[in-house]
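Trainee: Start counting the sequence shown at 137; every next residue gets the next number (this note's numbering).
Where hints are given, some of them may not hold.
[Unchecked claim] Subject to a maximum C-alpha distance of 30 Å in a straight line, what follows is the list of computed DSS-like cross-link-like pairs (lysine-lysine):
(1) K388 <-> K248
(2) K404 <-> K379
(3) K248 <-> K208
[Stated by the list, open to error] So the derived label-pair ranges between C-beta atoms look like this:
(4) N427 <-> I263: 32 to 40 Å
(5) I263 <-> R195: 23 to 31 Å
(6) K388 <-> V149: 32 to 40 Å
(7) V177 <-> L227: 34 to 42 Å
(8) G167 <-> R426: 33 to 41 Å
(9) R247 <-> G202: 33 to 41 Å
(10) Y176 <-> T345: 23 to 31 Å
(11) R307 <-> S189: 16 to 24 Å
(12) G160 <-> I187: 32 to 40 Å
(13) N427 <-> S265: 19 to 27 Å
(14) E381 <-> G167: 44 to 52 Å
Please keep in mind that the hints were generated in silico from the structure rather than gathered at the bench. Think of the CB as a built atom: it goes at the ideal place given N, C-alpha and C, for glycine as much as any other residue.
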Amino acid sequence: MYSQIAANKRRTVIILIVFLLFIGALAWGFGAYYGPIYAYVILTIGVIYAIVSYFVGSRSALALNGAVEIDKKANPRLWRIIENLSITDGLPMPKVYIIDDPAPNAFATGRKPDDASVCATSGLLDIMSDTELEGVFAHEMGHVKNYDIRVSMITFALVAVVALLADIMLRLSFFGFGGRRNNNSEGQAGQLMFLLGIVAAILAPILATLIQLAISRQREYLADATGALTTRYPDGLASALEKIERTGSVMKKQNTATAHFFFVNPLKSHSLLNLFSTHPPIEDRIARLRNMDTHA
C-alpha cells in the first residue's frame, strides 16, 4: 500500500515537471520567433489568470454544480461518516454539501485542508451502504489530504497558459507578425518557420490537455490508495465503484469545467473521447483495489 502511494506521487511529480518543461520550451520558441516581448506579456497574463483561477476555483465548482451546504441535522448519516474520517486522517472537518441529482457521485474541493469542502449527490446517498459511502469519502478526503485540488488547479492554469500561447501564435502567424519571420518571409527558411509555428500552435493545446489528464488520472489512483489506507478496507471502495459502474454516473447537469473534481466521470461517455477522460477506467480502479494489501 505505502509503496503504491509513493509510486503514484512520483509519477505525478514527473508528469508535472514534464508539463513545466513543455511550457518553458513553448514560451522560449515563441519568444525566439516573435520576439521576447510577446512571450513576456502572454506569460504575465497567464500568471494573472492562474492566480484568479486558484482563488475562486473551489467556490465556482460548488456553485456551477448547484451544491447546497448542509449541517449535521440535515443528514446525520453523511455528517457522521465525514466527521469520523476527518478524525482518522487528522484533518479539520470540511464543509459538507449535497447536490440534488440521481446519479451516484461525489467530489471534494478546496486549496488546503483548512478550507476544504466535500459534496455528495442525492443518488450516491440513496444506493450506498455505510461501508461503501465511507470508502467513497475516504477517497475524497484523500484528495484533500494529498492537496490534489491544489495540483488540479495549477495544472488547469498551466493548460490555460498553453492555450493562450497557442491561440496568439496562430493569430500572429496568419497576420504576419514576428520580427524574425518578417526578415525571412520571402525565403524557404521563413516559410518553414511559418509552418512549424502553425503546427506547434495546433498541437500544443492537445499535448497540454493530455498531460493534464495524465496528472488527473494519477491523482485518482493516489486517492483510491490513500482512502483504502484510511479505512483499511479497500473492498468497501471497490464495492462502491462496482455499484456505480452498474448504475451509471452521468449527471443531469453536465459541466466539463468541473468534471475532473468528481469521484467518477460525470459526463456522457463517447468511445472516441475516452483518451481525453479525466478519470481512469472504473474496472482498472476496481482491479487495483481488489489486489491491494493495506499493510504493504
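Trainee: Evaluate each hint against the coordinates.
Mentor: Status of each hint after checking the structure:
A hinted pair counts as satisfied when its Cα atoms are at most 30 Å apart, and K388 with K248 qualifies at roughly 29 Å. For the hint linking K404 to K379, the alpha-carbon distance of about 18 Å falls within 30 Å, and the restraint holds. For the proposed pair K248 and K208, the alpha carbon gap of about 22 Å is at most 30 Å, so the pair holds. At about 25 Å, the CB distance of N427 to I263 disagrees with the hint of 32 to 40 Å.
For I263 and R195, the hinted distance range of 23 to 31 Å is satisfied, since their beta carbons lie about 29 Å from each other. Hint check: K388 to V149, Cβ distance near 37 Å, so the stated range 32 to 40 Å holds. Taking the beta carbon of each, V177 and L227 are about 41 Å apart, inside 34 to 42 Å as hinted. One distance hint, 33 to 41 Å for the beta-carbon pair G167 and R426, is violated here, with the actual separation near 50 Å.
A C-beta distance of roughly 22 Å is found between R247 and G202, which places it outside the suggested range of 33 to 41 Å. One distance hint, 23 to 31 Å for the beta-carbon pair Y176 and T345, holds here, with the actual separation near 25 Å. A hinted range of 16 to 24 Å holds for the C-beta pair R307 and S189, which are about 23 Å apart. Remark: the range hint 32 to 40 Å for G160 to I187 is contradicted by a beta-carbon distance near 19 Å.
Between N427 and S265, the C-beta spacing of about 22 Å keeps the proposed range 19 to 27 Å intact. The supplied range of 44 to 52 Å is met by E381 and G167, whose beta-carbon atoms lie about 48 Å from each other.
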